[in-house]
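Undergrad: Chains as they are written, first to last, in the numbering used here: chain Z, 77 to 160; chain G, 77 to 160; chain F, 364 to 1096; chain P, 834 to 1065.
Worth double-checking, as some hints may not be accurate.
[As the list claims (entries may be wrong)] Quick partial rundown of chain P residues pointing at chain G, CB under 7 Å, derived from the structure: (1) Y886; (2) G887; (3) Y889; (4) L890; (5) I895.
I should point out that these hints are in silico values taken from the structure, not numbers from a laboratory.
On a predicted model such as this, the values are computed, not experimentally measured, just so you know.
Cβ atoms here follow ideal geometry from the backbone N, Cα and C, with glycine treated the same way.
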Amino acid sequence: MWKARIEIMLKKSVLDPQGQAVEGALHSLGYDNVRSVRVGKYLEVDIDGGDKEAAGAQVREMCERLLANTVIEDYTFTVTEVQR
Amino acid sequence: MWKARIEIMLKKSVLDPQGQAVEGALHSLGYDNVRSVRVGKYLEVDIDGGDKEAAGAQVREMCERLLANTVIEDYTFTVTEVQR
Amino acid sequence: MKPEVWRGMGLKDEEYNMIVAILGRDPNYVELGMYSVMWSEHCSYKNSKEVLRLFPTKGENVLQGPGENAGIVDIGDGLAVCFKIESHNHPSAIEPYQGAATGVGGIIRDIFTMGARPVALLNSLRFGTLNERKVRYLFGGVVAGIAGYGNCIGIPTVAGEVYFDPCYQGNPLVNAMCVGIIEADKIRRGRATGVGNPVILAGARTGRDGMHGVTFASEELSDASEEKRPAVQVGDPFMEKLLMEACLELIENGDIVGIQDLGGAGLTCATSEMASRGGTGLEIELDRVPCREEGMTAYEIMISESQERMLMVVTPDKEEKVHAVFRRWGVPSTTIGKVTGDGMLRVRKAGEVAAEVPARSLAEDAPVYCPAFKEPEYIKQTSELDLSRLPDVTDAAGALLALLGSPNIASKEWVYHQYDHMVRTCTVVLPGSDAAVIRIRGTAKGLAMTTDCNARYTYLDPYIGGMIAVAEAARNITCSGAEPLAVTDNLNFGNPEKPEIFWQFRRAVEGMSEACRYFGTPVIGGNVSFYNETNGEAIFPTPTVGMVGLLSDVTRHCTQDFRQEGDRIILLGDTFDELGGSEYLYVLYGETRGKPPALDLAREKALQQAVLAAIREGLAVSAHDLSEGGLAVALSECCIGQEVGASVNLSTGGLRTDSLLFGESQGRVIISTRPENTEKLLALAGEYGVPSRAIGTTGGTELIISVDGNEKVRLPVPELAKKWRGAIPCLMA
Amino acid sequence: MKFGVVVFPGSNCDLDAYHAIRDVLRHPVEYIWHQEESVAGFDCIVLPGGFSYGDYLRSGAIARFSPVMKSVVEFAASGGLVFGICNGFQVLVEVGLLPGALYRNTGLQFRCQFTNLVVENRNTPFTIAVEPGRVLKIPIAHGEGNYYADAQTLRAMEQNGQIVFRYATAGGEVTKDANPNGSLYNIAGVCNENKNVLGMMPHPERSVERILGSQDGLVIFESLVRYREGLR
Ligand SMILES: Nc1ncnc2c1ncn2[C@@H]1O[C@H](COP(=O)(O)OP(=O)(O)O)[C@@H](O)[C@H]1O
Ligand SMILES: [Mg+2]
């Protein structure tokens, strides 16, 4: 079985209000050395069968079709083999 | 400067309605080999100064205090050096 | 079995012995767990039952009183209104968003379980003071959680209340109320009848979350509570929406014999209560219960409090049809057992009997306690308030601004703008006035609703405080043009095993009962939440009153806003030198002391009848009751809504100026009326024996208040508005 | 003129749209279950507000794969009128019938309140009945109504008159303070190039009767009827 770990982030050009809010909150907690915070989504998807390449291709397709909205979001992912 | 990449997920025993909905959607898109989907948060935090160990300790503290809700969530993170 | 085992589950030694006597043998671990959750305070009301009998619960319109999932009152036209309030204090203290969200989910299920379509939500909240980061986190999380659940499921959150006091610092209160509408002949009850009928479990899969939530709710919070984490659950409002639509469709079609939601104590509670009410037994097969995780034990499945689940009994010929309806709505459903005639709740797992106990003994035979009670020491100290040592107010305008900026009085827009309060397009009076009003589609009628409790009063005198909570709710309802119908109550108190706490509890219930009797508003359901303490310190006794009223013609509703230039402002009711327990005393002197204002039930009732008559006869352009902050704050609120100023002349008549402006004497309402109706209105008040005087005129851009000819307040309405609207956003920024 | 209101799992303003059309506009209307494969026989398809599929992942992201959406896309391509309100707007951008994207309000909070809208293009089937200069008082209720499109797309939309509604003050000024959710250029509603598909975050179906505090939403439904009658 394959485990895909997918990170989805707003594109750099899109304002990230959540990241800004977290950054502000960290500053007010005294973490003055925090420079920039971006907040996105993290998904773990378990996939049965096929080889690593096939799994990767499938994950890319799922991201394009459903998981990310590519108008505003970028995604990256890794695929690793796991025991059932 | 250090970049922390933080993944925050609901604990295994906690219901993940979002993950369930995405799993259902992937199945209805025909990805029958998808076994389990969990949806969480992903954060990138840039941190100035200190060494890697100090940055790591700070990230852990930030997770405990603010970023993760440890009542229902687990977190993992990595810290890597980046150019300003 | 070792004593540590049952004690660890919160059972007393004598309770264990009772169980042995009932079974005629030692219980096994699963059975013990089932008794422990069912005999907890939360499920059995073992400490409060006797006192709750004081409430009046009957009335000619009451179709269902306490004892079912929610109460129901007839409103004519073949329709009835179903409502109930419930607390989720402890989960919200640990995880505010999910704690509050699942609280909303739970109370919604109570309403549609009865067959009613939920049409409105309310909430009553208490937190510590907002200068604490932790409190801001709890407040923000709770409000977002209520919004997250209610908005998603599409039921408008139309009213509520929020107060802040240091006594709630470690133990916030989150009480959620739901109101539903039902055709009077379609009421369903949680009864398992018809031997052989299949039992169906529908909704979310069962997981390990929420184990022992009810025992958790029956314990004091300590710092160690943060460790009891799995007791908190994540809500899934989407699942609940589908579950609700499917269940309402089935009930509408008459496909269900009995139905009950799974709340506290999960499957154990639902099965034993349904069987007990039906005078039957149930046999269920745990291997058929869809679980979220592998390897769940019988114990875990029986006491899991996973959300968004319903249990129902159907006739065999309907079984397939019922599953088909759930399938169409995308809701999993499984037949897990059947109704039996032997009164036993029999639970099988892996072919073996995992538990077998008389259903009735779980649901009905919990011990009943009559805890000792004793007046607390503090009452003597707090009741001392020597007004002669308090200088009268000199800067009335400054005091007014300070009060408007106090989070207890300030606008709660920050809260209710996060709630979808318009979905279903029936909200006629939006949050922000005294009571919310919704119309009932297909009729000319409307419902008004509110939650109220001034816990400072209840702390200083639980009896009077309890009466005032009811009176204020009724006053808010009448100011919106409705006739009070009935009450649901949420009794939030400390540890009842302490005699002082139990005294507060008894006295508050006595006061509420008396007022309910007087106003003819029976208590048709409610909830008790004890053990609201942190490290031994109890909250103020907080018996929240949820009240619903009826408008026969919804177009004849009223709001608190002054509407136009030149209307006359009439003050109904009398003002006394009553500053005890006031927000004024708290904000300006940091004191919570004195006697709460007196309440004369006869005068209060006369006032409310006069207000209602004035609204019905079209004499009232606006009506607003006086509560925290007194006359000056009420006038400000009337001005702010539509930005209409007012000029008011008062005479002290021997009163202190601060009592006159900021005192919280009960039984008072401000009405604005067209000038040509002034005499009629004053005469109408006279007919009801209600003191009334014209105190000023609306118009201009300022609020001007003169006392005995001396100008005490002159403030532009936008400045009042800024202070009042800005207070909470500013603290939460 | 016959309206169809699509019901997705989790729609919750379907009922409100239905009532506005049937009881106030007084036109025929039917619900369309999300699993229907055809929308034949309707003149206008309304995608209502709510939380389709719980709005999990992203608002509208899962609903757009519902069987009914295939025929809605075809219906739109053949010039049929498609009207997305709130969650319906989100579904329309997700499915690609409208440009841009909608994401989290900058205030990070769900907002339910009245807003004022200026009508930037009165020459669409959705706005032809609006009097010039009229500011519409219509409420919003959403957590993800922050409209985004890249600069190039926006320019094209401007030129083509696809920006239909903007948040404004009661006097009709488009100001920062009047923007409730951080939308680019206060955008509250947009249409496609052909102007037969419109999405808006505010809820016109919630402001069709005086007792609800505003009747300004009605003019949008009336526009649709007038447009349709003009075609006959
Ligand atoms: N938590 C809340 N949820 C919804 N509405 C609220 C909430 N808190 C306050 N409100 C609304 O704000 C208005 C003022 O509340 P409050 O000061 O408690 O009124 P009153 O003193 O008349 O009881 C009411 O319309 C009330 O419904
Ligand atoms: Mg009031």
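Undergrad: Using 7 Å as the Cβ threshold, decide whether Y886 of chain P counts as touching chain G.
TA: At about 5 Å, which falls below the 7 Å cut-off, the nearest Cβ of chain G leaves the hint on Y886 of chain P intact, so it holds.
Undergrad: Holds or violated: is the Cβ of G887 of chain P closer than 7 Å to a Cβ in chain G?
TA: Interface hint status for G887 of chain P: holds (6 Å vs cutoff 7 Å).
Undergrad: Do the numbers back the hint for Y889 of chain P, that is, is its least Cβ distance to chain G under 7 Å?
TA: holds (4 Å)
Undergrad: Hold the hint about L890 of chain P up to the distance rule: shortest CB distance to chain G must be less than 7 Å.
TA: holds (5 Å)
Undergrad: Does the interface hint hold: is I895 of chain P within less than 7 Å of chain G, judged Cβ to Cβ?
TA: Where the cut-off is 7 Å and the nearest Cβ of chain G is about 4 Å from I895 of chain P, the hint holds.
In summary, the structure agrees with every hint in the numbered list given earlier.
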